[in-house]
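2 protein chains.
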Amino acid sequence: MNTRTELDSLGEIALIDRINRAFGQTSQPETVRGIGDDAAVIDTGGPDYLLLSTDMLLEGVHFDLAYTPLKHLGFKAVAVNVSDIAAMNGIPLQITVSVALSNRFSVEAVEELYEGIKAACEAYQVDLIGGDTTSSRSGLVISVTVTGRVERDKITYRNTAQPNDVICVTGDLGAAFCGLQLLEREKQVFLADPTMQPEISEDRSYVLERQLRPSARTDIVYELRDLGIVPTAMIDVSDGLASELIHICTQSKTGAVIFDENLPIDDVTYLAATELNISPITAALNGGEDYELLFTIRPQEFEKLKNHARITPIGYLTDKPESILLATKAGQYTQIKAQGWKHF
Amino acid sequence: MNTRTELDSLGEIALIDRINRAFGQTSQPETVRGIGDDAAVIDTGGPDYLLLSTDMLLEGVHFDLAYTPLKHLGFKAVAVNVSDIAAMNGIPLQITVSVALSNRFSVEAVEELYEGIKAACEAYQVDLIGGDTTSSRSGLVISVTVTGRVERDKITYRNTAQPNDVICVTGDLGAAFCGLQLLEREKQVFLADPTMQPEISEDRSYVLERQLRPSARTDIVYELRDLGIVPTAMIDVSDGLASELIHICTQSKTGAVIFDENLPIDDVTYLAATELNISPITAALNGGEDYELLFTIRPQEFEKLKNHARITPIGYLTDKPESILLATKAGQYTQIKAQGWKHF
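Line by line, the protein sequences give chains A and B. Start counting the first sequence at 1; every next residue gets the next number (the UniProt record's numbering). Start counting the second sequence at 1; every next residue gets the next number (the UniProt record's numbering).
Among the clues, some could well be false.
Chain copies aren't distinguished; within one or between two, either way the pair holds.
No farther apart than 25 Å at their CA atoms in a straight line, the calculated lysine to aspartate or glutamate pairs in the DMTMM-like style are these [claimed, not checked]:
| id | residue 1 | residue 2 |
| --- | --- | --- |
| 1 | 154 | 43 |
| 2 | 187 | 275 |
| 3 | 154 | 30 |
| 4 | 337 | 132 |
| 5 | 306 | 6 |
FYI, nobody ran anything at the bench for these hints, they're computed from the structure.
Just need the whole structure built from these sequences, with the hints factored in.
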């Protein structure tokens, strides 16, 4: 082969697009939906659809063991996968977990990791049904696959939203990003002078927990069921609200307007962002790793969850594709851009 | 935590046992079988059971890019997973593939890897339905999850064999191991003197192909169907015949006798083993990575495949658990031990 194209010059998103195009159409009648949503959808002939999603986490890329307790890491590896099932309006069933580790880990360390995995299995009521433990020449690698089920008439994709739908988000945003920035700051201080003790005040624990041990919003899936609401589209907030909203709009061929004053941001996130000299709005829009659910509902459904404590309406969809706008209180509109571009 | 137990002191098998015990019983009614067989078994309420298996391959542990073409590696990563579905007497349906790679890989190299993945998807008629491509700080990591289906009355576990069952194996054994030894030998020669050209004669290509681009025996699953045979137990030969036979015997609480003169060994494997100063019988028993199927059938079924070209009867099961014997032509019996112990 004569040409060599550097991965950096292409970028991760373009590479994935190129691979996906190469695989084209699926051929098995059981495959309802392949690549392109939070989880794949399989029709096994049973009453519900089966959902399948997978995520691989690598040391030094997705987590830093300098400040990540192994128990939290095990929990998080499961939770981020369960979150993909919730994003399809589904209930998780089972997971497989493959772990690669080097001999710098002790048996006790490995057991801590699995304790976290077990805690997540109990929290989300999923069975561990497979996977393996193998050696690694370098860092820790955790690969989790999750299954779930969803009634056929309740499945929620990314590409089925419609103009005028109300955009809602669960919980609050930007906390996980601020938590990460605090942890990174303390790590740099420690590296510069190992005699320094970490200095994160206790009242910042909320943002640290959001980063280190996020929750998947399966509770919302059950609540939407109780309220009789099937969202018109849904996605989980892993890369940041901006990036996820763009996914829904692009795939559904709609535009959007969201209001900055409506973005749910916790007080601790405000304080941490201010301390870090970050705009709380930027943290909420582009921070990522909150694992909240972003979804859209028909306007006539809005009454049902208008005063819901953990669901916030933040805007609405429009019939102007590519116009994805952030509106300020002062009446200014700016185009929202995704900051999720990753380099190799 | 005050104690530190080294992983080496415990070993991989003991660690996995310890983890599995910690997870204990499964709780979802959909989970028919969790950890402990080639694939997990899920009852989705459809006519068939759904099968799920996963495998993670790491550079420097499971493959060496010094002599592994990326296209073959992509194919192999899928084939070894499909093999786990075949071992349950199932038909593969879909795969997810997660790949982590560093920027020392070019876009062309990544495309080669995915070409091999695609070739395997076509060979085994499976859909690629998910996964992702992410960056790695060190080596290449490939994690594949495969789904499959099997009719409820045809599922084949490891723990359901009975005394007097005939032990059969597909294809031939030991080739993949001899291929690996040849490749390793040439690598050492090259490292010692980079001006030396590799010297593997062309008539050894069979054992190289068996190592670099193994096949999953889905063909046998279809043939057993046509013959009207449901094996009493089945497992794929990934760690070596000895290790797999011990799994069937231990889990089914039987003993076994196999005959060394019956072990199917290809002529090229004999030649390569002789060249490498390895006993061909040892290669067949302990080599691993052949991805053939080892299965047992009721004695009365034996007539149906007595003269089958790609299935060889190698012995029978006994009612003496823990007595797993290799019989020589001279009438000597030796206890078979697994060599599959791996250190961290």
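Check the structure against each numbered hint from earlier and tell me which ones fail, lowest number first.
Those not satisfied come down to hint 5.
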